[in-house]
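Q: The residues making up each chain are set out below.
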Amino acid sequence: MNIDVNDIPALARGCAVLGTGGGGDVRTGSLAAMRAIREYGEVPLVKLADLAEDALVVPLSGIGAPTVSHEMIHGEDEPARIAEEVERIFGRPPAAIMSSEIGGSNGVAPVAWAAQLGLPLLDADGMGRAFPEVQMVSMYVAGLPADLVIMSDVAGNVVTIRPVDGLWSERLARAVCVAAGSHALMADYVLTAARAGGAVIEGTVTRALEIGRSTEGAADPLAALRERLGASRLVTGKLTDVERRTTGGFVRGTAVIEGTGDDRGRRLSLELQNENLVAVEDGRVRAMVPDLITVVDTETAAAVQTESLRYGQRVTVLAWPCDPLWRTRKGLETAGPRAFGYDLDYVPVEELTHD
Amino acid sequence: MTDLRLGIDVGGTNTDAVVLDGEGRVIAKAKRPTTPDVTGGLRAALDAVLTELERTDAHGEEDVRVRIGRVMLGTTHATNAILERRGLGRVAVLRLGAPATTSVPPLGDWPAGLRAAVSAGEAIVPGGHYVDGREIAPLGLDAIRRFLDGVKADAVAVTGVFSPASDEHERRVEELVRAEYGVPVSVSREIGSLGLLERENATVLNAALYGVAAHVTDALATALAERGLGARPYLAQNDGTLMTLEHAARLPVSTIGSGPANSLRGAAYLSGVDDAIVVDVGGTSTDLGVLVGGFPRESAAAVEIGGVLTNFRMPDILAIALGGGTVARANGIGPDSVGYRIAQEALVFGGSTPTLTDAATAAGRIPHDAEGWRERLRDALSDANARTIAGALESALARADEMIADAVDRMALGRADRPLVVVGGGAFVLPARIPGASRVIRPEHAEVANAVGAAIALASGRVDTILPAGENRTDAIERAKEEARARAVAAGADPTGVEVVDLLEVPLSYLSEPAVRVHVKAAGPLAG
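Order-wise, the sequence lines are chains A and B.
When the first sequence is numbered by my numbering, its final residue is 355 and no position is left out of the sequence of numbers.
When the second sequence is numbered by my numbering, its final residue is 1528 and no position is left out of the sequence of numbers.
One should not assume that every hint holds.
As the list claims (entries may be wrong) - Below 20 Å or equal to it, Euclidean Cα-Cα: the simulated EDC-like pairs (lysine to aspartate or glutamate) are:
{"#": "1", "chain 1": "A", "residue 1": "K238", "chain 2": "A", "residue 2": "E299"}
{"#": "2", "chain 1": "A", "residue 1": "K238", "chain 2": "B", "residue 2": "D1336"}
{"#": "3", "chain 1": "A", "residue 1": "K330", "chain 2": "A", "residue 2": "D345"}
{"#": "4", "chain 1": "B", "residue 1": "K1031", "chain 2": "B", "residue 2": "E1402"}
{"#": "5", "chain 1": "A", "residue 1": "K330", "chain 2": "A", "residue 2": "D54"}
{"#": "6", "chain 1": "A", "residue 1": "K238", "chain 2": "B", "residue 2": "D1406"}
{"#": "7", "chain 1": "B", "residue 1": "K1152", "chain 2": "B", "residue 2": "D1132"}
{"#": "8", "chain 1": "A", "residue 1": "K238", "chain 2": "A", "residue 2": "D262"}
{"#": "9", "chain 1": "A", "residue 1": "K238", "chain 2": "B", "residue 2": "D1494"}
Since the hints were made in silico from the structure, they are not lab data.
On a predicted model such as this, the values are computed, not experimentally measured, just so you know.
Work out the full structure: start from the sequences and follow the hints.
A: Now the structure itself:
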């Protein structure tokens, strides 16, 4: 299958839903993707099984400050410089681009990068959702070494880092990003198709497209979305309180949704850290990270980002299971509730909700 | 003596005009249908209000017209020009940012027809700045000249990356275009805030509207001269403040969306409250807005103009499909409305379609000047279906009250201590008490609140930039305030009366040095 211009709005909607409140705004990435497809042609979407064992897959993501990425948009040559560096290091060109993070802007923008490079996009990503930190990817959970990071910036600089571990990888990449003007394109965990098996989350681009299409023209968009996601409805109601504070570069906060209609009298509170992480009702946890929790507009079923949450919005909170990889011991160590500072033992969402 | 002010507001349906005396009392008002060319309706409303003024001032010793010192106009000329693609200039679109930003070129998401009507060509040339003020690249003067030599344009729109914080490159291009090409230039720093694509869109629209601005200025000046008015003219802008014509000629895009702002400010003025929720009930819809310290609360969301996304700061308006003509049924109300046919179709006018107006009348909510409504409604309810219709009216009104209470709650953000000011032709359908509001105020002259809002408006200036959060922060913020005051004076404010009315600081993350985004707005009464 090829991704064409008409697929981008649905892909963007799906990526926003998988962003669980974070992952950045999908608009600029959508515009870049549409422009690149018009300029360079449709982007083939390939499965891992379609690639030769030694084919190189390059996971890409944009990193930096959201305010900056809305103002200093990516240059068109940034992906090419990363591809050249991959070829210089590995002795052969990349065979496919992969999204590091399907949730939010980094789920849509890789279509632009693949089109600009004339490469296919792998139907997979490194999270199956959005997470705030660089090491919270499936490749890390699968035990692949974080020993290579390639970054390119708007000025044309290319920086290759060979860190000793994931901590240094994050530390050095962040320093480079700041020097580059708080906005850069990054490849990490460049891997062969053979190594990618079991280390990436497959089928997530298709899933994002299907999620986005499910609400198109639906008489009841919310029901259509829920069915497509296999999600539990935690509450339908009104946002009555949002408290946000910026600490250590992340937005933390709490949102309270009071039930309306059939849910009248119920009260759900959501703990936020860029993404929606824990949902609590009457002191009882109803869903927690790494399972996915997304706030959607009750009428349109469009995802609402944490930074757009506002008093009075009529919203529904949906929760559904994460990829099994995140439920392994290492998966939970990396991105379970304790990795975000919540003193909670992980319980899968399907055991916490019965509706 | 030039103690009188004349305010005019061009709306979608009507053009309203009022005259206020030296104490700010409404002494004449008029309402005329808005015409497709806008100017015709404007002249008609102007004539009507002057006639009314002369009638009420029949015993005056001198010609009352010469007492009109200022005329304030809120108009839809610019909005209509964009929607109808009429009278727009062709714009050379120049972005200073290469090699950054090339993945999303200018105007990529514009409707094709509007882009074809406006764009004379687009280029991304070397230039612009990083968030910390360093140059992305030295300004590409040769590339700029090559581009401008190859296009035929009425105006140039220049947008530099991070120009709200570092505008040196935009200034240099502005000088170059003036000196070497002699066409008007829009620079993005004067137009919008951070968010490159939205600011660029607004800057291009602004440049396309120079011809329209000249037309409005001429039309207003001619209309005033023909009527022997020597008043100083001003145009209303989207935040509820005024600009001199010279200023409006540079920033015509700011006149878009002045209507809702004028309506909110006028409602506040007429009711004498500065903090309130304002509900404007029309025939097919109801608009809600919030006044904070006498100014409209602004929307956090991006605003679309003619299908183009911009980052203008517009009043935060919630529109719901509920008005006097909304159709009432047993299972609910609307969203369809009989609209302007209400005078034939509603039961109270002898028609056969139950509407919200009928539902309100049945419950005893009737405008004081309504004649025969009760009687005609009683007649309509005397036939075989009477009980069904009466039941439908009752449940529809209950639903309408719920919708209003719900909308008020959404706009109130949890506060229930503010009054609700009700304006508009359908204001009578609202109940005497509304949950979420401390009381309901129905001011006199509410039907011309928008024209009153134009007449009482102040002049303002704003600054949106990024400043260091370190020890220089206080000085930097003082400079930003000074700049906002200077801009207010440039827009026509009296330097001695300008005050900072809004200051917003947002800390930014992931930067090498801590920084804050600062938004400052200053406003003051017009200079004498």
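Q: Decide, hint by hint, whether the structure agrees.
A: Status of each hint after checking the structure:
1. Using a Cα cut-off of 20 Å, the hinted pair K238(A) and E299(A) holds, with the two alpha carbons roughly 12 Å apart.
2. About 26 Å separates the Cα atoms of K238(A) and D1336(B), which puts this hinted pair outside 20 Å; it is violated.
3. Between K330(A) and D345(A) the alpha-carbon distance is near 14 Å, which keeps this suggested pair within the 20 Å criterion.
4. Annotation: proposed proximity of K1031(B) to E1402(B) is violated, straight-line Cα distance about 32 Å (limit 20 Å).
5. About 27 Å separates the Cα atoms of K330(A) and D54(A), which puts this hinted pair outside 20 Å; it is violated.
6. Using a Cα cut-off of 20 Å, the hinted pair K238(A) and D1406(B) holds, with the two alpha carbons roughly 11 Å apart.
7. About 36 Å separates the Cα atoms of K1152(B) and D1132(B), which puts this hinted pair outside 20 Å; it is violated.
8. Annotation: proposed proximity of K238(A) to D262(A) holds, straight-line Cα distance about 13 Å (limit 20 Å).
9. For the proposed pair K238(A) and D1494(B), the alpha carbon gap of about 45 Å is over 20 Å, so the pair is violated.
Of the numbered hints stated above, those contradicted by the structure are hints 2, 4, 5, 7, 9, listed in ascending order.
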